[in-house]
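**Student:** Each protein sequence line maps, in turn, to chains A and B.
For the first sequence, the numbering used here gives the first residue as 1, with consecutive numbering after it.
For the second sequence, the numbering used here gives the first residue as 1, with consecutive numbering after it.
Derived by calculation from the structure, the hints in this document are not laboratory data.
Treat the hints with care, as some may be off.
What the hints assert, rightly or not - Just a sample of chain B residues kept apart from chain A, beta carbon distances all over 12 Å, derived:
1. 31
2. 164
3. 225
4. 228
5. 267
6. 272
7. 303
8. 319
To be verified - Subject to a maximum C-alpha distance of 25 Å in a straight line, what follows is the list of computed SDA-like cross-link-like pairs (lysine to any residue):
9. A/223 / B/148
10. A/223 / B/270
11. A/203 / A/213
12. A/289 / A/107
13. A/223 / B/156
14. A/191 / B/159
15. A/115 / B/36
16. A/115 / B/187
17. A/191 / B/170
18. A/155 / A/289
19. A/203 / A/45
20. A/115 / B/182
21. A/223 / B/160
Values in this document were obtained by computation on a predicted structure and should not be read as measured data.
Think of the CB as a built atom: it goes at the ideal place given N, C-alpha and C, for glycine as much as any other residue.
If you want the building blocks of each chain, they are given just below.
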Amino acid sequence: MFFRSRAGFLTLALVPLCAAAAGCAPKHAANGVPRIGMVTDVGGLGDRSFNDSAYAGLLRAETELHAEGTVLQSRSAADYAINMTVLANKEYDEIFAIGFLMAKDVADVAARYTKRNFAIIDAVVDLPNVTSVTFKEEEGSYLAGALAALTTKTKTIAFLGGIDIPLLRKFEAGFAAGARQIDPSVKVLVKYTGSFDDPAAGKELSGVLYDQGADIVYVAAGKAGLGAIDQAKRRSDVFIIGVDSNQDGMAPGKILTSMIKRVDTGVFRVCQEAVAHRKRSAHLVLGLKEGGVGLTDFHYTRSVVTPAKIAVLAKLRTAIVSGTIVVPSTREGLASYTRLPL
Amino acid sequence: MPYAFVRGRAFRDIVIVLVLVFGVGSIAMLLAHVSPLVAFGALFDGAFGTREEVAETLVQATNLLFPALGIAVAFRAGLFNIGAEGQLILGGFAAGWLGAQLPLPWYLAIPMVLVAGALAGGVWGAIPGFLRARFGANEVIATLMLNVVAVLLATYLVNGPLALPGSGASETPSLPHAAQLPDLVADSRLTWAFPIALGLAFVLRWMLQRTVFGYELRAAGDAPEAAKRAGIDLRRTAFVAMALSGAIAGLGGATIVAGELHRFNTGLSPGYGFIAIAVALVGNLDPLWIIVASLAFGVLQSGGIAMQAEAGVPRDVVALVTGLVIIALAGRRVVAARRST
Numbered sequence: 001m002f003f004r005s006r007a008g009f010l011t012l013a014l015v016p017l018c019a020a021a022a023g024c025a026p027k028h029a030a031n032g033v034p035r036i037g038m039v040t041d042v043g044g045l046g047d048r049s050f051n052d053s054a055y056a057g058l059l060r061a062e063t064e065l066h067a068e069g070t071v072l073q074s075r076s077a078a079d080y081a082i083n084m085t086v087l088a089n090k091e092y093d094e095i096f097a098i099g100f101l102m103a104k105d106v107a108d109v110a111a112r113y114t115k116r117n118f119a120i121i122d123a124v125v126d127l128p129n130v131t132s133v134t135f136k137e138e139e140g141s142y143l144a145g146a147l148a149a150l151t152t153k154t155k156t157i158a159f160l161g162g163i164d165i166p167l168l169r170k171f172e173a174g175f176a177a178g179a180r181q182i183d184p185s186v187k188v189l190v191k192y193t194g195s196f197d198d199p200a201a202g203k204e205l206s207g208v209l210y211d212q213g214a215d216i217v218y219v220a221a222g223k224a225g226l227g228a229i230d231q232a233k234r235r236s237d238v239f240i241i242g243v244d245s246n247q248d249g250m251a252p253g254k255i256l257t258s259m260i261k262r263v264d265t266g267v268f269r270v271c272q273e274a275v276a277h278r279k280r281s282a283h284l285v286l287g288l289k290e291g292g293v294g295l296t297d298f299h300y301t302r303s304v305v306t307p308a309k310i311a312v313l314a315k316l317r318t319a320i321v322s323g324t325i326v327v328p329s330t331r332e333g334l335a336s337y338t339r340l341p342l
Numbered sequence: 001m002p003y004a005f006v007r008g009r010a011f012r013d014i015v016i017v018l019v020l021v022f023g024v025g026s027i028a029m030l031l032a033h034v035s036p037l038v039a040f041g042a043l044f045d046g047a048f049g050t051r052e053e054v055a056e057t058l059v060q061a062t063n064l065l066f067p068a069l070g071i072a073v074a075f076r077a078g079l080f081n082i083g084a085e086g087q088l089i090l091g092g093f094a095a096g097w098l099g100a101q102l103p104l105p106w107y108l109a110i111p112m113v114l115v116a117g118a119l120a121g122g123v124w125g126a127i128p129g130f131l132r133a134r135f136g137a138n139e140v141i142a143t144l145m146l147n148v149v150a151v152l153l154a155t156y157l158v159n160g161p162l163a164l165p166g167s168g169a170s171e172t173p174s175l176p177h178a179a180q181l182p183d184l185v186a187d188s189r190l191t192w193a194f195p196i197a198l199g200l201a202f203v204l205r206w207m208l209q210r211t212v213f214g215y216e217l218r219a220a221g222d223a224p225e226a227a228k229r230a231g232i233d234l235r236r237t238a239f240v241a242m243a244l245s246g247a248i249a250g251l252g253g254a255t256i257v258a259g260e261l262h263r264f265n266t267g268l269s270p271g272y273g274f275i276a277i278a279v280a281l282v283g284n285l286d287p288l289w290i291i292v293a294s295l296a297f298g299v300l301q302s303g304g305i306a307m308q309a310e311a312g313v314p315r316d317v318v319a320l321v322t323g324l325v326i327i328a329l330a331g332r333r334v335v336a337a338r339r340s341t
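From just these sequences and the hints, can you work out the full model?
**Tutor:** Okay, structure coming up:
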């Protein structure tokens, strides 16, 4: 049969390919333009939140630092490592992994590509060629909790999280601590949707929280937040507090404020270090002080957020920045948190 | 009704594939407003440009080679196994879960992880094999459906009973170093999975061409009526072929977990089990030609992402071309089978 005669030829054809795998010389990035790669998580661009914010940071690096940016979107978790590997092979100067879901993949690829630099958002990977960027979400959430406690009429507010993991508990603890600082008698309800991509669950659970008496729900649950906003639109005298990017305009007047997480700032900072060929930071922690988190300008809710409330928030902000207030980032920390007389 | 798979003129298949890849690919690139020369340049540069890129191409080829070999075994027995994706995922799950549980020295850990993957994939392949053998249930539908069940089952297990506290990702704990397949090329993800897959292809070719079981399997696929009259137990052959097919795909999943990801993640496959159908058909269901086909599709897979990064052509072009290859080659086989019966 014709197969037999070709078997030898096949084996021969394989040999040069394997030899090529062992012998080619690596190429170098052309013309000195810094090249920055970014791998999105499965949320992808257009999520109006986390990934879009990271992309904004990359665009800023393109205009201000004259870098060349490339984004590879991930369809499944398998794409994380593959996309990073492709960018590492293409000699990118910095490779961003957007999201804690990629922590293990970054650790894996970075350990194999020791000459490349990587950065991960929202997780800490302890390798010499990885810059970890994390945020003090608890500090921004603290201000959100304080504002909610100042605004609630039912003396009940609520936190609706995505998945019950340490990252989300930072939001929860900060929010509850901020409310306690303003008024310890305000009740803080807590629920988790169990995922970041289920608007129906967000709608249902925010409804439950409103029915239980909360009139302000702080939602940190990715796309589930869209369902919660939908729920708030159908009710009167209730508010949502948005998260990650400025979501205030998505339901004007219904979103009290948004706790903005400046992923773009984090991305841009790392790009600056990469372009300047400075020694990369091992871990960038961005809080209120660094402009990494904060509330919006209350553009649509000025009637509710009075100058008096804004003054209180400014005072709290100063106290956090100066270190007078240390915001708890865990449930244990929250349990032992006592309000400070200001 | 058993399928009579007519295995045919490899040359015509290759022409079809080349026309689809370069012809349709070019049209898609033009629609994305990129010169096909630039885009294909980026694709091949991304696949072969550097030592590391060749290594990544071989990684992708390996990931396709395992399920393609599994599919070929079933197809040669006349069974249209399109459940390789699910078999691969469950194989990966078994490997990842078991591998993370037991601290063993490498010479026990690595075989255990690989065998666990093969067993899990084998069981998942054996289910439609049993249904086919016992009740004559159509294996196309059973395997297709079981893909969904496999993903949901693995997702449930890693998020439910086996969930890691404090992790938001749908995955098992990391494998200890001893259970990880060693790297083959520095600065790449290429591991010993590649030579294992090559070896497996040669073993399968020997099995199909030189053993009694291989003969029975081919006879059951090529001429089921004649095989039956010659005393070959078609039910047994169907069951064993499906179990073996699933085991090979499951082994592939185990090598992805033990070699590349070092943990099981529910999203470990970007559709290897489906692309592998095209690989198996382009390889004319012959294990050695499938090696060549898997290298070609490995080029498309690794180069496709580089093409997206460097030339801005969405890598959906690659998915489009792969899908058309499946339709063209599988379609031609069905037409040929109709004519012959």
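**Student:** So residue 303 of chain B supposedly isn't at the interface. Is its beta-carbon more than 12 Å from every beta-carbon in chain A?
**Tutor:** Contrary to the label, residue 303 of chain B does not stay out of reach of chain A, its closest Cβ about 9 Å off (not over 12 Å).
**Student:** Over 12 Å from every CB of chain A: does residue 267 of chain B meet that, or does the non-interface label fail?
**Tutor:** violated, 3 Å
**Student:** Within a Cα-Cα threshold of 25 Å, do residue 223 of chain A and residue 270 of chain B meet the stated pairing?
**Tutor:** holds, 23 Å
**Student:** Just double-check residue 31 of chain B for me: nearest Cβ-Cβ distance to chain A has to come out over 12 Å.
**Tutor:** holds, 19 Å
**Student:** Keeping to a limit of 25 Å between CA atoms, is the pair of residue 289 of chain A and residue 107 of chain A held or broken?
**Tutor:** violated, 29 Å
**Student:** Just to be careful, I want the Cα atoms of residue 115 of chain A and residue 182 of chain B compared with a cutoff of 25 Å; is the pair within it?
**Tutor:** holds, 20 Å
**Student:** Regarding the pair residue 191 of chain A and residue 159 of chain B, is the alpha-carbon distance no greater than 25 Å?
**Tutor:** Judged against 25 Å, a Cα distance of about 18 Å means the pair holds.
**Student:** Mind checking the alpha carbons of residue 223 of chain A and residue 156 of chain B for me, to see if they're no more than 25 Å apart?
**Tutor:** holds, 21 Å
**Student:** So if I understand the rule, the pair passes when the alpha-carbon distance is 25 Å or less; does residue 203 of chain A with residue 45 of chain A pass?
**Tutor:** Between residue 203 of chain A and residue 45 of chain A the Cα gap is close to 23 Å, so the pair holds against 25 Å.
**Student:** Holds or violated: are the alpha carbons of residue 223 of chain A and residue 160 of chain B at most 25 Å from each other?
**Tutor:** holds, 22 Å
**Student:** Do the alpha carbons of residue 203 of chain A and residue 213 of chain A lie within 25 Å of each other, as the hint requires?
**Tutor:** Answer holds: residue 203 of chain A to residue 213 of chain A is near 16 Å, not above 25 Å.
**Student:** Verify the proposed pairing of residue 115 of chain A with residue 187 of chain B, using a straight-line Cα cut of 25 Å.
**Tutor:** holds, 9 Å
In this structure, the hints that do not hold are numbers 2, 5, 6, 7, 8, 12, 15 and 18, in rising order.
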